[in-house]
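Asker: With the hints as your guide, set chain Z onto chain W.
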Amino acid sequence: MAAAYNPAFSAPPMPAISFQNVGKTYNSPRGAVHALGDVSFDIEPGEFFGLLGPNGAGKTTLISILAGLARASRGTVSVLGHDVVSDFAAARRSLGIVPQELVFDPFFSVREALRIQGGYFGVRTDKRANDAWIDELLENLGLADKANANMRQLSGGMKRRVLVAQALVHRPPVIVLDEPTAGVDVELRQTLWQFIARLNKEGHTVLLTTHYLEEAEALCSRIAMLKLGKVVALDRTSALLAGTASTMLRFKMDAPLPPQLAAQSRVTGRIVQITAHDAAEVERILGVLRQAGCQPEDLEIGRADLEDVFLEIMSGAALTPALSQRDSEPQRSLAV
Amino acid sequence: MTAIFSGTRTLLYKEVLRFWKVSFQTVAAPVLTAVLYLLIFGHVLEDHVKVHGVGYTSFLIPGLVMMSVLQNAFANSSSSLIQSKITGNLVFLLVAPLSHWAWFCAYVGASIVRGVVVGAGVLFVTAWFAPLHVDNAAWIIAFTVMGAALMGSLGLVAGLWAEKFDQIAAFQNFIVMPMTFLSGVFYSVKSLPPLAQAVSHLNPFFYMIDGFRHGFFGVSDVSPWTSLAVVGASLCVVCGLCLHLLRIGYKIRH
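First to last, the sequence lines map onto chains W and Z. Every letter in the first sequence is one number past the one before it in the working numbering, and letter 77, counting from 1, is 77. Every letter in the second sequence is one number past the one before it in the working numbering, and letter 26, counting from 1, is 362.
The following block holds chain W by itself, in its conformation from the complex (with noise of 0.2 Å):
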């Protein structure tokens, strides 16, 4: 290590994260376009939490209001006890955000950029303490030989790894990742991943959004999913993989499916998924096959993964117990 790295809290009392009943309508020509309705849920310092959801879930407009890019319509979102309205200064400094876009100033070096960046939140440009941090953050991010090359000379991937230093350049305890890994190599996911898992486990608390749920299961401890700007699920993600139907068939065949299993069935080319809660279920999903005549090849049963999971909630088949509570108790019940 060049040089220590300490978050720049200690153990606060107060949610590292938090939104409460947070709307978002925007006017267009067509109407009042509701972007996100009435979404309520703290992230607690320290965790690695995921946000999911499809494309136009209200992933986007969630932190770009926790960003300070756009303007909740109702409700308040806090940093670290400090909204980001009111007292949006310290709110954004306790921030680090890493955008979706992949956007550069092309007027300034990889070096240049990461003390402007950090001269903003007030870190010293001059500073060769400072200077260490970036030296060390451009050799985890794998860009110390890109020090003094222009923006416009980095490829996609490096451009991306720039983003992520820009967004922890003024150490913030908070960083925010929406869709980092969005078209980049399996070398710079690794690198990213495992730079960003030191970082949570010294103690800094990750909001990750992102479309591979095979990365939020692995790296996030609690999950929220979001459908039509609305929480549909809020748990743990072991909570949420043992929650729904823990059980998936997969196998590979020629001929149609069965329509009575159709609607349960994940079909991409000749792979079938097919989600069951216990042995009963497979034993009538195979039996419905046989009685159809079909000839299952490479046939495997396996664990459901979050994948899984996120499509039948997406699919409104099911609700994690979290969830359930919804109707009877407010929203921030639900935080775990």
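Derived by calculation from the structure, the hints in this document are not laboratory data. Since we're looking at a predicted model, the values are computed, not measured. Each hint should be verified, as a subset may be incorrect.
[What the hints assert, rightly or not] Straight-line alpha carbon distances no greater than 25 Å define the calculated DMTMM-like cross-link-like pairs of lysine to aspartate or glutamate that follow:
| # | chain 1 | residue 1 | chain 2 | residue 2 |
| --- | --- | --- | --- | --- |
| 1 | W | K230 | W | D42 |
| 2 | W | K252 | W | D185 |
| 3 | Z | K421 | W | E112 |
| 4 | Z | K587 | W | D83 |
| 5 | Z | K587 | W | D87 |
| 6 | W | K227 | W | E215 |
| 7 | Z | K357 | W | D135 |
| 8 | W | K146 | W | E101 |
| 9 | W | K159 | W | D145 |
| 10 | Z | K421 | W | E179 |
| 11 | W | K230 | W | D38 |
| 12 | W | K252 | W | E202 |
| 13 | W | K230 | W | E214 |
| 14 | Z | K587 | W | E101 |
| 15 | W | K230 | W | D83 |
| 16 | Z | K526 | Z | D383 |
| 17 | W | K159 | W | D185 |
| 18 | Z | K500 | W | E101 |
| 19 | Z | K357 | W | E112 |
| 20 | W | K201 | W | E44 |
| 21 | Z | K357 | W | D131 |
| 22 | Z | K421 | W | E101 |
| 23 | W | K201 | W | E47 |
| 24 | Z | K357 | W | D145 |
| 25 | W | K159 | W | E214 |
[Stated by the list, open to error] A short list of chain W residues far from chain Z (calculated; beta carbon distances all over 10 Å):
| # | residue |
| --- | --- |
| 26 | G23 |
| 27 | D83 |
| 28 | G142 |
| 29 | G183 |
| 30 | Q190 |
| 31 | E281 |
| 32 | G287 |
| 33 | A292 |
Glycine residues also receive a C-beta, built at the ideal position from the N, C-alpha and C atoms.
Answerer: Just chain Z now, with coordinates in the frame of chain W:
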């Protein structure tokens, strides 16, 4: 407090560094343009026109200097902001803990720096072509800083309002350019017919040019105090509008 000043200073530094990195385009090109104006108009009119008792080339130089200051101050803030908006890198600023005052001071400060650098460049090159003396440096400095600040603020307003480069170009070509050209850069408004003179007096650019020129020759079309009052009032209005738009995040925070 230190963090606030550091953020403002960094944004100012970044904005100055941005135009300095492309100084061939942002400094050298406008100096060359001004020199070409001087060579062409000076060659044609030097022997035929005297204004306020001075030769035409001498009269033209302060006007060209101030026109360059104003146009480049506007170009600096407007082009920087619209580029950042369109390429998306404005997000780096939007997530930073900078107040609307910090944005305003940094962008307008950088506009003043660019206006002064280009104006000094034009003055340095054109001063070799005709005799020029300074009657009162205080007027020159006051109108340079206030004019550049006004145009830097106007550039910020245009940059916030515009959603594409076309709109900034339209603002520049259909508002800024005609108002500077018709402000008395190339002539004294006293030489105009009464109606055109009255219309010219409604143009704030006229007062910026006239007050600036007073600093060199000690004579002008209107009193420099009148010019100072008009430019000061215009500056307050544009700065107020600009700060309001920045505070509400007009077209940048949704």
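Asker: Now look at each hint and say whether the structure bears it out.
Answerer: Going down the list of hints, with the structure as the test:
Proposed proximity of K230 of chain W and D42 of chain W is supported: the alpha carbons are some 15 Å apart, at most 25 Å. Proximity of K252 of chain W to D185 of chain W is assessed by CA-CA distance (about 29 Å); at most 25 Å being required, the pair is judged violated. For the given pair, K421 of chain Z sits about 20 Å from E112 of chain W by alpha-carbon distance, which is consistent with the 25 Å threshold. As the CA atoms of K587 of chain Z and D83 of chain W are separated by approximately 22 Å, the hinted pair is consistent with the 25 Å bound.
Distance restraint check for K587 of chain Z and D87 of chain W: the Cα-Cα separation of roughly 21 Å lies within the 25 Å cut-off, and the hinted pair is therefore satisfied. Our distance criterion of 25 Å between C-alpha atoms is met by K227 of chain W and E215 of chain W, whose separation comes to about 20 Å. A threshold of 25 Å between alpha carbons decides the hint, and for K357 of chain Z with D135 of chain W the separation of about 24 Å falls inside it, so the pair holds. For a cut-off of 25 Å, the pair hint linking K146 of chain W to E101 of chain W stands: about 21 Å separates their Cα positions.
A hinted pair counts as satisfied when its Cα atoms are at most 25 Å apart, and K159 of chain W with D145 of chain W qualifies at roughly 13 Å. Taking the CA atoms of K421 of chain Z and E179 of chain W, the gap is near 21 Å; set against the 25 Å cutoff, the hint holds. At roughly 7 Å between alpha-carbon atoms, K230 of chain W and D38 of chain W fall within 25 Å of each other, so this suggested pair holds. Note on K252 of chain W and E202 of chain W: the hinted pairing is violated, with a Cα-Cα distance of about 45 Å set against a maximum of 25 Å.
Between K230 of chain W and E214 of chain W the CA atoms are separated by roughly 23 Å; this keeps the pair inside 25 Å, and the hint holds. Among the hinted pairs, K587 of chain Z with E101 of chain W is consistent with the structure: their alpha-carbon atoms are about 18 Å apart, no more than 25 Å. For a cut-off of 25 Å, the pair hint linking K230 of chain W to D83 of chain W stands: about 22 Å separates their Cα positions. With a C-alpha separation of about 20 Å, the suggested pair K526 of chain Z and D383 of chain Z falls inside the 25 Å cut-off, and the hint holds.
Proximity of K159 of chain W to D185 of chain W is assessed by CA-CA distance (about 12 Å); at most 25 Å being required, the pair is judged to hold. The hinted pair formed by K500 of chain Z and E101 of chain W meets the criterion: a straight-line CA distance of about 19 Å does not exceed 25 Å. The suggested pairing of K357 of chain Z with E112 of chain W holds, with an alpha-carbon distance near 12 Å, which does not exceed 25 Å. The straight-line distance between the Cα atoms of K201 of chain W and E44 of chain W is roughly 14 Å, inside the 25 Å bound, and the hint therefore holds.
For a cut-off of 25 Å, the pair hint linking K357 of chain Z to D131 of chain W stands: about 22 Å separates their Cα positions. Restraint check for K421 of chain Z and E101 of chain W: the C-alpha separation of about 13 Å stays at or below 25 Å, so the hint holds. For a cut-off of 25 Å, the pair hint linking K201 of chain W to E47 of chain W stands: about 9 Å separates their Cα positions. For the proposed pair K357 of chain Z and D145 of chain W, the alpha carbon gap of about 22 Å is at most 25 Å, so the pair holds.
Distance hint between K159 of chain W and E214 of chain W is fulfilled; the C-alpha atoms sit about 24 Å from each other, no more than 25 Å. For G23 of chain W, the condition that its CB be more than 10 Å from all CB atoms of chain Z holds, with the nearest at approximately 14 Å. Non-interface status of D83 of chain W relative to chain Z is upheld: no Cβ of that chain comes within 10 Å, the nearest being about 13 Å off. Every CB of chain Z is more than 10 Å from the CB of G142 of chain W (nearest about 21 Å), matching its label as outside the interface.
With a least beta-carbon separation of about 16 Å from chain Z, G183 of chain W lies farther than 10 Å from that chain, consistent with its non-interface assignment. With 10 Å as the threshold on Cβ separation, the claim that Q190 of chain W sits away from chain Z holds: the shortest Cβ distance comes to roughly 26 Å. At roughly 47 Å from the closest C-beta of chain Z, the C-beta of E281 of chain W stays outside 10 Å, upholding its exclusion from the interface. Here G287 of chain W stays apart from chain Z, with its beta-carbon at least about 54 Å from theirs, past the 10 Å limit.
Remark: the non-interface label on A292 of chain W is consistent with the geometry, its nearest Cβ contact in chain Z lying 52 Å away (cut-off 10 Å).
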